[in-house]
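*Asks:* The lines below spell out each chain.
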Amino acid sequence: MIAVELLKLLRRPRTWATILLLDALPTLVAALLAFTDLAPRPGEGPVFLSAVLNNGSLFPLAALAIVLPLFLPIAVAVVAGESIAGEAQAGTLRYLLVRPVGRTTLLVAKLISVIVFVLIAVVVVAATAYVVGVSLFGVGSFEATTVSGTVLTPSQIFGRTLLAIGYVTLSMLGVAAIALFLSTLSDSPLAAALGAMAFLIASSLLLTLDAANVLAPYLPTRYWLSFVDLFRDPIRWRDITRGIGLQAVYVGVFLTAAWANFTSKDITT
Amino acid sequence: MIVTHALAKRYGQLHAVDGIDLDVREGDIYGFLGANGSGKTTTVRMLLGLVHATSGEIELLGQPMPSSARTVLPQVGALIEGPAAYGHLSGRANLLLFDAAGRGGSRRTRRTRVGDALEQVGLAGVGRRPVRNYSLGMRQRLGLAGALLRAPRLLILDEPTNGLDPQGIHEIRELLQSLHAQGTTVFLSSHLLAEIEQLCTRVGVLDRGRLVLQEQLADLQKPTGRTVVHTPDAEAARVLIGEGLIEVLDDGALVIASGDAPAVNRALVEAGIRVQELAPQRRSLEQVVLEAAGSSGDRSVR
Numbered sequence: 001m002i003a004v005e006l007l008k009l010l011r012r013p014r015t016w017a018t019i020l021l022l023d024a025l026p027t028l029v030a031a032l033l034a035f036t037d038l039a040p041r042p043g044e045g046p047v048f049l050s051a052v053l054n055n056g057s058l059f060p061l062a063a064l065a066i067v068l069p070l071f072l073p074i075a076v077a078v079v080a081g082e083s084i085a086g087e088a089q090a091g092t093l094r095y096l097l098v099r100p101v102g103r104t105t106l107l108v109a110k111l112i113s114v115i116v117f118v119l120i121a122v123v124v125v126a127a128t129a130y131v132v133g134v135s136l137f138g139v140g141s142f143e144a145t146t147v148s149g150t151v152l153t154p155s156q157i158f159g160r161t162l163l164a165i166g167y168v169t170l171s172m173l174g175v176a177a178i179a180l181f182l183s184t185l186s187d188s189p190l191a192a193a194l195g196a197m198a199f200l201i202a203s204s205l206l207l208t209l210d211a212a213n214v215l216a217p218y219l220p221t222r223y224w225l226s227f228v229d230l231f232r233d234p235i236r237w238r239d240i241t242r243g244i245g246l247q248a249v250y251v252g253v254f255l256t257a258a259w260a261n262f263t264s265k266d267i268t269t
Numbered sequence: 270m271i272v273t274h275a276l277a278k279r280y281g282q283l284h285a286v287d288g289i290d291l292d293v294r295e296g297d298i299y300g301f302l303g304a305n306g307s308g309k310t311t312t313v314r315m316l317l318g319l320v321h322a323t324s325g326e327i328e329l330l331g332q333p334m335p336s337s338a339r340t341v342l343p344q345v346g347a348l349i350e351g352p353a354a355y356g357h358l359s360g361r362a363n364l365l366l367f368d369a370a371g372r373g374g375s376r377r378t379r380r381t382r383v384g385d386a387l388e389q390v391g392l393a394g395v396g397r398r399p400v401r402n403y404s405l406g407m408r409q410r411l412g413l414a415g416a417l418l419r420a421p422r423l424l425i426l427d428e429p430t431n432g433l434d435p436q437g438i439h440e441i442r443e444l445l446q447s448l449h450a451q452g453t454t455v456f457l458s459s460h461l462l463a464e465i466e467q468l469c470t471r472v473g474v475l476d477r478g479r480l481v482l483q484e485q486l487a488d489l490q491k492p493t494g495r496t497v498v499h500t501p502d503a504e505a506a507r508v509l510i511g512e513g514l515i516e517v518l519d520d521g522a523l524v525i526a527s528g529d530a531p532a533v534n535r536a537l538v539e540a541g542i543r544v545q546e547l548a549p550q551r552r553s554l555e556q557v558v559l560e561a562a563g564s565s566g567d568r569s570v571r
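Taken in sequence, the protein lines are chains A and B. Quick note: the first sequence, position 226, residue 226 per this note's numbering, numbers continuous. Going from the second sequence to this note's numbering is simple: count from 1 and add 269.
These aren't lab readings, by the way, just hints derived from the structure by calculation. Accuracy of the hints is not assured; some may be wrong.
Going by beta-carbon spacing under 7 Å, a handful of chain A positions derived as facing chain B [unchecked claim]:
| hint | residue |
| --- | --- |
| 1 | Val4 |
| 2 | Arg94 |
| 3 | Val98 |
| 4 | Asp266 |
The beta-carbon is built from N, C-alpha and C at its ideal position, and this holds for glycine as well.
Kindly generate the complete structure, drawing on both the sequences and the hints.
*Replies:* Next comes the structure, spelled out in structure tokens:
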């Protein structure tokens, strides 16, 4: 069943269109930077962008920082929101269930296909950004400076970029679980995706509010940009482990809710 | 093949299905009749484990549902409230995915299985065009092919001829009859009386959630003990029969209170009355259903 879901994901034109769109924004940013040579000053604009002009191999990180706050979560919410509700809307859900595919199996297969989607999206964005970055800005000294001012070797950059890709993927799982849960509630993929997005927008808004400081450590977007800490020397693990823990809690809670709802639900579509 | 005991589904105050005892036997073509909104679809969905029953028991192929869904459902083919497929894929690709989704069915024979099913419903030559460009009839055929994939022992079909033209309906009827001849039990839900009358061996009638009738079609349609006579000499016949005459129908035919058609014929002919047509009276399925069930289910009277 997992293989079937992956096949469905990969054969759907929309999957690739979404990834293409995700790729477009960082590429546009790179092109603009290369032609105008106007990098944001350190500490302003998206992270890593100021360093990119000197070393193109840092551009994958800048690209992740560009898509992470909005583009990537939207794509994840759409794909995860579509998972069950999309089948319900097309009417194929009832045929899958009488095939029979167990409801728990279906839910797990859907979750895995969403995770694979995130991973593909993040890897494609990072890979394209590497090619674009290196060809537009060159790699300079083959060495890069960390946020703390020390120097990283190319292999260190590579390793830490991989870690960052992993962390960004994990960061999206909370959104995925929320959208998947809403997808079992509603028969409309759009409603599920919008619901998950509303949750994220509320979370980002609360983060800017001093009065909401009590809530901050529990908001799903709180630790998203903590992958920057991977580029400090030494790596600051505190926020990263908290971010992973927080995502695990969101995934646990919403997946359980999705499972409880979906396995007891009457399928009337 | 299908047995239910006091099967019921309530939505709040509404009794969508109200304690029905279905009994579909091996080798039946069972016609499940009912007006729109009478609970047919809810019943079908409960049989297949899509909707959870409020109370009552279901047995499919001798095993309890939905607890035995994993072993029972692979032997059941279903078409529920119209076909469904992924619009951007071809019919063949849809069936391949559908076949791969469930357990059972070896991977090596998958292509053959899908090819055979498409052949059976007359879609073998449809090629690679996506389902989104299919006509309603082609989608219906694809849905049927999906139901036939695993050569099921039991077919549960909800309105299988929906959207088909007369030739298509005829083809599907012949297909179902040949499957039945090979030993497949068919459970057919429909509101089209003519379809049921031509195809089924047994009927159940659902009216506002209650099973008001369940019998062999032949028993329902057995002679009523009266004879219908068409004759150009109606007046003379009326005088001759006298007491035995029940009524004169609109088209001039006479209904006679005797089931012995040969004797009636002889009496008429010996009296010099010309007989154009003479037959034992049988009730039509429509009459039976209208007598058993009340008004249309989606009619709501204040």
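*Asks:* Now look at each hint and say whether the structure bears it out.
*Replies:* Status of the hints after comparison with the structure:
Residue-level restraint check for Val4 (chain A) holds (minimum Cβ-Cβ distance to chain B is 5 Å; threshold 7 Å). Among the interface hints, the one on Arg94 (chain A) holds; its C-beta lies about 5 Å from the nearest C-beta in chain B, closer than the 7 Å criterion. Below 7 Å, beta-carbon pairs count as interface contacts, and Val98 (chain A) has one with chain B at about 5 Å; its hint therefore holds. For Asp266 (chain A), the interface hint holds, the least distance from its beta-carbon to any beta-carbon of chain B being 4 Å, beneath 7 Å.
Checked against the numbered hints given earlier, the structure satisfies every one of them.
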